[in-house]
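> Here the working numbering is used: position 28 in the sequence shown is 28, and no number is missing along the way.
Some hints here could point you the wrong way.
[To be verified] Subject to a maximum C-alpha distance of 30 Å in a straight line, what follows is the list of computed DSSO-like cross-link-like pairs (lysine-lysine): (1) K26 with K14; (2) K3 with K14; (3) K110 with K14; (4) K26 with K110; (5) K26 with K3; (6) K3 with K110; (7) K35 with K76; (8) K76 with K3; (9) K35 with K110; (10) K3 with K35; (11) K76 with K26; (12) K76 with K110.
Just so you know, these hints were derived from the structure itself, not from any lab.
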Amino acid sequence: MFKERIFINREALKRVDNMLTVEDVKSLLVGNPYKVIVALDENIIVENQHQLSLFMALFTFEFEEDVVLYEISDNKGSIINTDLEALANRFIEYIDIGIVDRFPLAIYLKEGA
1 MFKERIFINR EALKRVDNML TVEDVKSLLV GNPYKVIVAL DENIIVENQH QLSLFMALFT
61 FEFEEDVVLY EISDNKGSII NTDLEALANR FIEYIDIGIV DRFPLAIYLK EGA
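Make a model of the complete structure from these sequences and hints.
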């Protein structure tokens with residue numbers, strides 16, 4: 001579902017495959033500001049191919065456990081607020097009128113970071 005490498009503006013990003021704890025995710029975000037990209041599979045199909053939504057993950061210790069995902073793909077500027085645990089578990093849940101949708105995600109790191 002998620003490719004090992006993706007490219008944004010000719011810049012390569014490598015998927016983080018190892019299992020991460022909440023503390024690991026926090027360290028990754030703090031140690032690599034603006035270099036962590038989250039790919040979210042919202043089951044959007046364009047021309048028979050999955051189209052991933054890409055977000056820059058923003059975190060500071062002032063957020064405590066919260067993470068802001070700022071969309072850098074089609075709907076530039078859209079924001080999702082989530083938490084470190086969701087990134088560690090590799091899915092985001094949306095609850096809308098009693099219906100729970102879970103969307104898988106992958107964490108990518110800009111190569112050379």
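> Each of the hints needs a verdict: does it hold here or not?
Structure-based check of each hint:
In summary, the hint linking K26 to K14 is supported, as the alpha carbons are separated by about 18 Å, within the 30 Å threshold. Between the alpha carbons of K3 and K14 the distance comes to roughly 9 Å, so the proposed pair stays at or under 30 Å and holds. About 6 Å separates the Cα atoms of K110 and K14, which keeps this hinted pair within 30 Å; it holds. Taking the CA atoms of K26 and K110, the gap is near 16 Å; set against the 30 Å cutoff, the hint holds.
For a cut-off of 30 Å, the pair hint linking K26 to K3 stands: about 23 Å separates their Cα positions. Of the pairs offered as hints, the one joining K3 and K110 holds, with about 14 Å between alpha carbons and a cut-off of 30 Å not exceeded. The suggested pairing of K35 with K76 holds, with an alpha-carbon distance near 17 Å, which does not exceed 30 Å. Of the pairs offered as hints, the one joining K76 and K3 holds, with about 22 Å between alpha carbons and a cut-off of 30 Å not exceeded.
Under the criterion of a C-alpha separation no larger than 30 Å, the hint pairing K35 with K110 is consistent with the structure, at around 5 Å. With a CA separation close to 17 Å, the supplied pair K3 and K35 stays within the 30 Å bound. A threshold of 30 Å between alpha carbons decides the hint, and for K76 with K26 the separation of about 24 Å falls inside it, so the pair holds. Distance hint between K76 and K110 is fulfilled; the C-alpha atoms sit about 19 Å from each other, no more than 30 Å.
In summary, the structure agrees with every hint in the numbered list given earlier.
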